[in-house]
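Go ahead and model the full structure; you've got the sequences and the hints to work with.
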Amino acid sequence: MRPRPRSALAGIILACLPGTGAAQSGSGVVERWLETNAGAGKLRVEFSQTRKINTLKVPIREKGVLWIDHQADRLRWQAGDPPKTIVIRHGGEILIVRPDQKKFERRAAGGAATPGVAALAGGFPRNMEEFERKYRLHDVKVRKDSCRIMAQPRGQAGRAVRSFTFVVGREDHRLRAVEIVFRDGSTQSIAFTKVEPGANIPPGIFNVDLSGYEAAQF
Amino acid sequence: MTRIPPILVVALFGMLAVLSVKRVRFSSDLYELLPRDLPEVRGMEELNRFFSRSGQLVVTLKGEAPWAVEEASASLADHLRGHPELVAEVFRELSPEDLVKRGGGLLAWTWLNAPPEVLGGLEARLAPGTSRETIARSLATAKDEFAAPERAFVASYDPLGLARLDDALENGGAARSDPMRSDDGTFEVLYVEGRGVDFGDYRAAQGWLRRLRTVVADWESGWRAAHAGEEAVRTGLTGTPAFMAEVGGEMEKDLSVSVALTVILISILFYVMHRQLRPLSWLLAAMLGILAATLFIAGLVYGDLSVMSVGFAAILMGLAVDYGIVLFREARETGHDARALRRSVGPGIFWAALTTGTVFLSLNFSSLPGLAEMGNLVAIGVLVGALVMLFLFAPVAAGFARDHPAGGGGPSGGTGSLRPVASPLAVVLPLLAAGSILLGDRPHLEPNFHPFRIRESPAMQAWQQLQAELRGGARAIPLIVTARTHADLHRHLEAARQRIGAAETSGLLVSSRLAVHWIPHPAHQQRNAAAIGRILDHRERLLGEVDAAGFSAEGSLLADEVFEAWRRQLARLRDHELVLPGDGFARWSLDRVFREKDGLVAALAAVTPAMPRDRRWVEAICSADTSVASLGSLGTALNERIRGDLTRVFLPMVGLLTLMLAIVYRSWKDLLLSLLCLAVSASILVIVTAWTPLEWNSFNVFGLPILFGTGLDFSIHMIFALRRGGDDRGAAQGVMAKALIFCGLSSAIGFGSLATASAHGLSSLGIVCAIGILVNMFVAVGLLPHWFRRLHGLRD
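Those protein sequence lines, which keep their order, are chains S and P. No gaps in the numbering here: position 53 of the first sequence is 53 in our numbering, and each next residue is one more. Each number in our numbering corresponds to the 1-based position in the second sequence with 218 added.
These aren't lab readings, by the way, just hints derived from the structure by calculation. A few of these clues could be false.
[To be verified] Chain P residues, not near chain S, derived (Cβ > 10 Å throughout):
{"#": "1", "residue": "Leu357"}
{"#": "2", "residue": "Lys361"}
{"#": "3", "residue": "Ser770"}
{"#": "4", "residue": "Ala828"}
{"#": "5", "residue": "Arg1008"}
[Unchecked claim] Straight-line alpha carbon distances no greater than 27 Å define the calculated DSSO-like cross-link-like pairs of lysine-lysine that follow:
{"#": "6", "chain 1": "P", "residue 1": "Lys361", "chain 2": "S", "residue 2": "Lys134"}
{"#": "7", "chain 1": "S", "residue 1": "Lys84", "chain 2": "S", "residue 2": "Lys102"}
{"#": "8", "chain 1": "S", "residue 1": "Lys194", "chain 2": "S", "residue 2": "Lys63"}
{"#": "9", "chain 1": "S", "residue 1": "Lys63", "chain 2": "S", "residue 2": "Lys102"}
{"#": "10", "chain 1": "S", "residue 1": "Lys141", "chain 2": "S", "residue 2": "Lys57"}
{"#": "11", "chain 1": "P", "residue 1": "Lys471", "chain 2": "S", "residue 2": "Lys57"}
{"#": "12", "chain 1": "P", "residue 1": "Lys280", "chain 2": "S", "residue 2": "Lys52"}
{"#": "13", "chain 1": "S", "residue 1": "Lys134", "chain 2": "S", "residue 2": "Lys63"}
{"#": "14", "chain 1": "P", "residue 1": "Lys280", "chain 2": "S", "residue 2": "Lys134"}
{"#": "15", "chain 1": "S", "residue 1": "Lys141", "chain 2": "S", "residue 2": "Lys103"}
{"#": "16", "chain 1": "S", "residue 1": "Lys103", "chain 2": "S", "residue 2": "Lys84"}
{"#": "17", "chain 1": "S", "residue 1": "Lys194", "chain 2": "P", "residue 2": "Lys361"}
{"#": "18", "chain 1": "S", "residue 1": "Lys102", "chain 2": "P", "residue 2": "Lys280"}
{"#": "19", "chain 1": "S", "residue 1": "Lys84", "chain 2": "P", "residue 2": "Lys280"}
{"#": "20", "chain 1": "S", "residue 1": "Lys194", "chain 2": "S", "residue 2": "Lys144"}
{"#": "21", "chain 1": "S", "residue 1": "Lys63", "chain 2": "P", "residue 2": "Lys280"}
{"#": "22", "chain 1": "S", "residue 1": "Lys57", "chain 2": "S", "residue 2": "Lys134"}
{"#": "23", "chain 1": "S", "residue 1": "Lys63", "chain 2": "S", "residue 2": "Lys84"}
{"#": "24", "chain 1": "S", "residue 1": "Lys194", "chain 2": "S", "residue 2": "Lys52"}
{"#": "25", "chain 1": "S", "residue 1": "Lys144", "chain 2": "S", "residue 2": "Lys103"}
{"#": "26", "chain 1": "S", "residue 1": "Lys103", "chain 2": "P", "residue 2": "Lys361"}
These numbers come from a predicted model, not from an experiment. Where a beta carbon is used, it is the ideal one built from N, C-alpha and C, also for glycine.
And the structure:
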């Protein structure tokens, strides 16, 4: 990757500071984080999401679970308990299911959704080439116990987004959270409360019985 | 002979010519140069009259990252607003925040103007009992992470669903038919309303644009310093002021460059052939005087000069100089005084000017008014030129000849080396031309040619980028419907809608956008007033429900603004038949699809034809009140017209001139020789156009009558010289050859200097005519004498 001048400068300054090394440079942090994704063939993640919308008085909070099977290129995302929304991605298609409404929709992956969900549904990048294809790296800030990778989704996904930050652990470089600030000042943060690499994914988790459901456009 | 130093005379006439050029006003209205009865031309004229704002500049921004382009666009808009001496207002794609703050007035007016049954749907949504459901649905959409982001965003700011217009209303909206941001967000446009100058004057527009360009450049360098690499953006300027400034500036340049080039090259040619400086200075003074006089007359007759007619000056100078040369040579050969000179060569010059003028006047039969205007100017100029040379230059030529009697010099006109090939060429060249037509591409008119398009135009490049980025591959074409009253306009729109529907069914059109519901409708507004009043009665209840559902104060802003705008509009409607949006943004948005001017009302829509160049779709949807501004089909229409012109004008002209030649020569052999000259010249042109990139188009094809005229002229002169020569035929041929070489070269220089013209049509006409005249000259000087001797059984 060709780091942006500001990132390169930040890397040099960081390298000169006590307690930081070359490994903490912008691209170094991203590479280490990507390596943690590369090794995980199967993954189960519990997350907690908070959306603050300017026009609503109360923030929207939800908890959910994410299963990823990289080998099979499949993913299941669900929010709420019992789940209010289930999203299953298989290859280039995603299926959105609303069990309480008995409705579903099939659409192309990468289509309309909030950038946070789009990032989750699209799966996290596992190498630099994929990262650069999906995101433009702006800056990397190293904090006490975390590194903040500030990026911008490329293409349509980046339109309403002011900033898109991956928060990774400073030591283990595992993804801790995603924080998104929208153009109007609204925010969305997804904290990964529990990450299980190599998790045992229950059979049939990527299949949903749609009997009695009707197709809809959400 | 006058004792005034020649250099002073040249300087004086040069200044006169420069002043004349500076006095000329150039018109940049290109549609005036095209046949007005074509719906495409009418469409361009109406689009320009009703919807083009002379002071509205379009600034384009292109970058890599959508967010960077958006930020840059906002930053540039603010920067431009910081120059109120140049900029009245800047409009850009509304962000949802802007839409909430500035879009309320427009939204309120759209509902007021909507069909009553559509407004009834909104009233039902906001009625007690159902309004909570509407608000709850908005809340659910705002929270839904899988709803389209824009829909979720709008729902979060629009709990009452006021922005949820029916499809019918949305379809006609300016924002959808005229987007300001590309789908991927990497391209955006700003509309800049200029102020401070009269934008109808292209020189004022040039000055304004220069200052604005500096402002944009300042911003760009600041942005570049702060945002490197992928965050960089590039700007472009287009729109009416940019086009006007560019076209006007280019025309001035074309006129000056072509005249200067012609004067310089003809001077060099004269010196090479005659080795005399003094008569050259007088000749130059005469040419500049002719130019000044003709420009003065042109100003009186036409007022403005068009992009095409600027080419007349160079052509004129190339032609007028010939009369001076004839007088000069005659004076040196005979030693005549001015009166005797006028007696001996005056009739010839007069008839030559009349013939040339007639050939150029024949361009009036062309369907292109622009070409006709140029022809008229050359014709006027040629007559002025003949008079100036006969009455002002002749005394100078006579005086000079008296002081410097003829002593030969200059190259001889001998062409003996062509003798062995002259006769075979008479057969081979037509055969080669026929073969080229059969083997190569049959000569045809370039289908995509737009004669008045300016070459290397930054404004055009920015415009083309705008078309590609905002309208993608689909070529949406503006459609303009006009009427005298609002009611008539709605009737015409309905009729157009039916014709467009039929054209879509038959596959001629791919899609259409008709702004029917955005056109002010007095009857709808009067009927809707009561319903709007009823909704306003529930204002406090509705806002209370929005608050109770969990929306913040920011979430009620849009509803508040719409209610407030309705209150104002209803108050105004009590005294008026019709209400138009009052605030800047709403009015500007409406102006993009509806305008009222000169006692007419006009609506703008868009259609996308399946095959833009096929004119069947134009014929299917256009009428006396409906036209399209389609450049694609205009090219086809022009080519159709030109083909008609050629058969209607050119063929009778050939017949008439053949008859005249028969009368003049009274010899079938000489008639045959003249026709052979034309056939061989035409063959060479066919070969050149078949095997080189040179192509015929709807403009340069009118070089054919000009070339036909000069070709005949050259052959007549040479045949008469050969007849006149008697025993001294060789000497007569040599003298005439030298005269024709000078005339051919000077005319070719005049036409050739137009190759640098910025308008495609003028440039291509100049090239074709320059090549054609050189070919005519070669045939008349190099081949004709040998054919003459062979046909008349004379020794070479």
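Going down the list of hints, with the structure as the test:
With a closest Cβ-Cβ approach of about 8 Å to chain S, P:Leu357 is found to fall inside the 10 Å limit, against its non-interface label. Once the 10 Å rule is applied to beta carbons, P:Lys361 is inconsistent with being away from chain S; the minimum gap is 6 Å. With a least beta-carbon separation of about 5 Å from chain S, P:Ser770 fails to lie farther than 10 Å from that chain, contradicting its non-interface assignment. Every Cβ of chain S is farther than 10 Å from the Cβ of P:Ala828; the closest lies at roughly 27 Å, confirming the non-interface assignment.
For P:Arg1008, the condition that its CB be more than 10 Å from all CB atoms of chain S holds, with the nearest at approximately 76 Å. Simply put, P:Lys361 and S:Lys134 have alpha-carbon atoms about 25 Å apart, close enough for the 27 Å limit, and the pair holds. Between the alpha carbons of S:Lys84 and S:Lys102 the distance comes to roughly 10 Å, so the proposed pair stays at or under 27 Å and holds. Distance hint between S:Lys194 and S:Lys63 is fulfilled; the C-alpha atoms sit about 12 Å from each other, no more than 27 Å.
A C-alpha spacing of about 21 Å is found between S:Lys63 and S:Lys102, which places the hinted pair at or below 27 Å, so the restraint holds. Simply put, S:Lys141 and S:Lys57 have alpha-carbon atoms about 31 Å apart, too far for the 27 Å limit, and the pair is violated. Restraint check: the Cα-Cα separation between P:Lys471 and S:Lys57 comes to about 64 Å, which exceeds 27 Å; the hinted pair is violated. In summary, the hint linking P:Lys280 to S:Lys52 is not supported, as the alpha carbons are separated by about 32 Å, beyond the 27 Å threshold.
Only pairs whose Cα atoms come within 27 Å are accepted, and S:Lys134 paired with S:Lys63 is accepted, the gap being roughly 26 Å. Note on P:Lys280 and S:Lys134: the hinted pairing holds, with a Cα-Cα distance of about 20 Å set against a maximum of 27 Å. With a C-alpha separation of about 43 Å, the suggested pair S:Lys141 and S:Lys103 falls outside the 27 Å cut-off, and the hint is violated. Of the pairs offered as hints, the one joining S:Lys103 and S:Lys84 holds, with about 11 Å between alpha carbons and a cut-off of 27 Å not exceeded.
A hinted pair counts as satisfied when its Cα atoms are at most 27 Å apart, and S:Lys194 with P:Lys361 qualifies at roughly 25 Å. As the CA atoms of S:Lys102 and P:Lys280 are separated by approximately 44 Å, the hinted pair breaks the 27 Å bound. Between S:Lys84 and P:Lys280, the direct Cα distance comes to roughly 41 Å. Violation of the 27 Å bound is thereby established for this hinted pair. Distance hint between S:Lys194 and S:Lys144 is fulfilled; the C-alpha atoms sit about 21 Å from each other, no more than 27 Å.
Of the supplied pair hints, the one linking S:Lys63 and P:Lys280 is violated, its CA atoms being roughly 40 Å apart against a limit of 27 Å. Taken as a hint, the S:Lys57 and S:Lys134 pair is broken in the structure, with Cα atoms around 33 Å apart against an allowance of 27 Å. Between S:Lys63 and S:Lys84 the alpha-carbon distance is near 11 Å, which keeps this suggested pair within the 27 Å criterion. Between S:Lys194 and S:Lys52 the alpha-carbon distance is near 23 Å, which keeps this suggested pair within the 27 Å criterion.
With a C-alpha separation of about 45 Å, the suggested pairing of S:Lys144 with S:Lys103 is violated against the 27 Å cut-off. For the proposed pair S:Lys103 and P:Lys361, the alpha carbon gap of about 17 Å is at most 27 Å, so the pair holds.
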